[in-house]
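Numbered continuously in numbering that gives the first Met the number 0, the sequence shown closes out at residue 179.
In short, the hints are calculated from the structure, not lab data. A couple of the hints might just be wrong.
As the list claims (entries may be wrong) - Each computed EDC-like pair below joins lysine to aspartate or glutamate, with the alpha-carbon atoms no more than 20 Å apart:
no., residue 1, residue 2
1, Lys107, Glu165
2, Lys128, Glu165
3, Lys148, Glu165
4, Lys131, Glu174
5, Lys112, Glu92
6, Lys131, Glu92
7, Lys118, Glu174
8, Lys128, Glu174
9, Lys66, Glu92
10, Lys78, Glu92
11, Lys109, Glu165
12, Lys143, Glu165
13, Lys118, Glu92
14, Lys60, Glu92
15, Lys128, Glu92
16, Lys66, Glu174
17, Lys169, Glu92
18, Lys148, Glu174
19, Lys143, Glu92
20, Lys107, Glu174
As the list claims (entries may be wrong) - Pairwise CB distance ranges (calculated):
no., residue 1, residue 2, range
21, Arg110, Lys78, 16 to 26 Å
22, Lys143, Arg110, 35 to 45 Å
23, Arg110, Lys169, 26 to 36 Å
24, Arg166, Lys131, 35 to 45 Å
25, Lys169, Asn129, 33 to 43 Å
Nothing here was measured: the structure is a model prediction, and the numbers come from that model. We put the CB at the ideal spot given by N, CA and C, even for glycine.
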Amino acid sequence: MIRKLLLLSLAIFVVSCGSSRKTTSSRKTSKSTKVVKKTTKTKKTSKTTKSTSSKASAIIKTAMAYKGTRYKFGGTTRKGMDCSGLTYIAFGENKVQLPRVSYQQATKGKRVKLNAVQKGDLLFFQTNKNRKRINHVGLVVSHKSGVIKFIHSSTSKGVIVSSLNERYWKNAFTEARRVL
0 MIRKLLLLSL AIFVVSCGSS RKTTSSRKTS KSTKVVKKTT KTKKTSKTTK STSSKASAII
60 KTAMAYKGTR YKFGGTTRKG MDCSGLTYIA FGENKVQLPR VSYQQATKGK RVKLNAVQKG
120 DLLFFQTNKN RKRINHVGLV VSHKSGVIKF IHSSTSKGVI VSSLNERYWK NAFTEARRVL
């Protein structure tokens with residue numbers, strides 16, 4: 000009995016937060032074309048940047064509300080949260096649909112260089128080098144003076160803010176993506 004319990008605990012630890020809960024979402028996109036005069040294009044771009052920045056801030060605020068929540072495999076509530084559940088909920092509550100699991104979230108948006116990440120970007124990790132698949136995700140909360148801080152749910156400490164400068168996360172990092 001104890002042996003089975005240990006094996007189950009080890010299996011959960013190895014899988015980390017590559018949750019397999021499936022949910023469906025409907026994402027409607029509308030394609031509309033606007034004709035913009037060349038002289039007003041800069042104003043539109045700065046408005047878009049402000050809009051994206053405020054959306055990122057809202058998503059970060061939602062994620063930070065879960066800070067201190069314990070880790071729970073497949074969790075998406077204040078009772079327990081895994082890493083992809085945190086990003087799924089934070090983006091979802093701000094009307095941005097993401098897949099539920101981290102390796103699927105890594106297919107959304109566009110890839111960005113690490114030195115170009117901004118608040119609201121997603122960081123992806125391979126914490127199990129034997130599986131060669133993304134199994135962890137974090138949300139960038141700040142990027143100042145080359146120091147990138149991100150919120151995520153770790154198996155040992157729950158929802159916390161970490162730095163990409165920490166050796167463990169730096170070694171496990173695989174890519175950054177911009178969804179907004």
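Each hint tested on the structure:
1. Lys107 x Glu165: violated, 26 Å
2. Lys128 x Glu165: holds, 17 Å
3. Lys148 x Glu165: holds, 10 Å
4. Lys131 x Glu174: holds, 13 Å
5. Lys112 x Glu92: violated, 27 Å
6. Lys131 x Glu92: violated, 31 Å
7. Lys118 x Glu174: holds, 15 Å
8. Lys128 x Glu174: holds, 15 Å
9. Lys66 x Glu92: holds, 16 Å
10. Lys78 x Glu92: Given that 20 Å is the threshold and the Cα spacing comes to 17 Å, the pair holds.
11. Lys109 x Glu165: violated, 25 Å
12. Lys143 x Glu165: Holds, at about 15 Å.
13. Lys118 x Glu92: It holds: about 17 Å lies between the C-alpha atoms, which stays within 20 Å.
14. Lys60 x Glu92: holds, 11 Å
15. Lys128 x Glu92: The given pair, whose Cα atoms are some 32 Å apart, is violated under the 20 Å limit.
16. Lys66 x Glu174: violated, 23 Å
17. Lys169 x Glu92: violated, 29 Å
18. Lys148 x Glu174: The given pair, whose Cα atoms are some 15 Å apart, holds under the 20 Å limit.
19. Lys143 x Glu92: violated, 26 Å
20. Lys107 x Glu174: Answer holds: Lys107 to Glu174 is near 12 Å, not above 20 Å.
21. Arg110 x Lys78: 16 to 26 Å: violated, 34 Å
22. Lys143 x Arg110: 35 to 45 Å: This hint is violated: roughly 22 Å between Cβ atoms.
23. Arg110 x Lys169: 26 to 36 Å: violated, 18 Å
24. Arg166 x Lys131: 35 to 45 Å: violated, 20 Å
25. Lys169 x Asn129: 33 to 43 Å: violated, 19 Å
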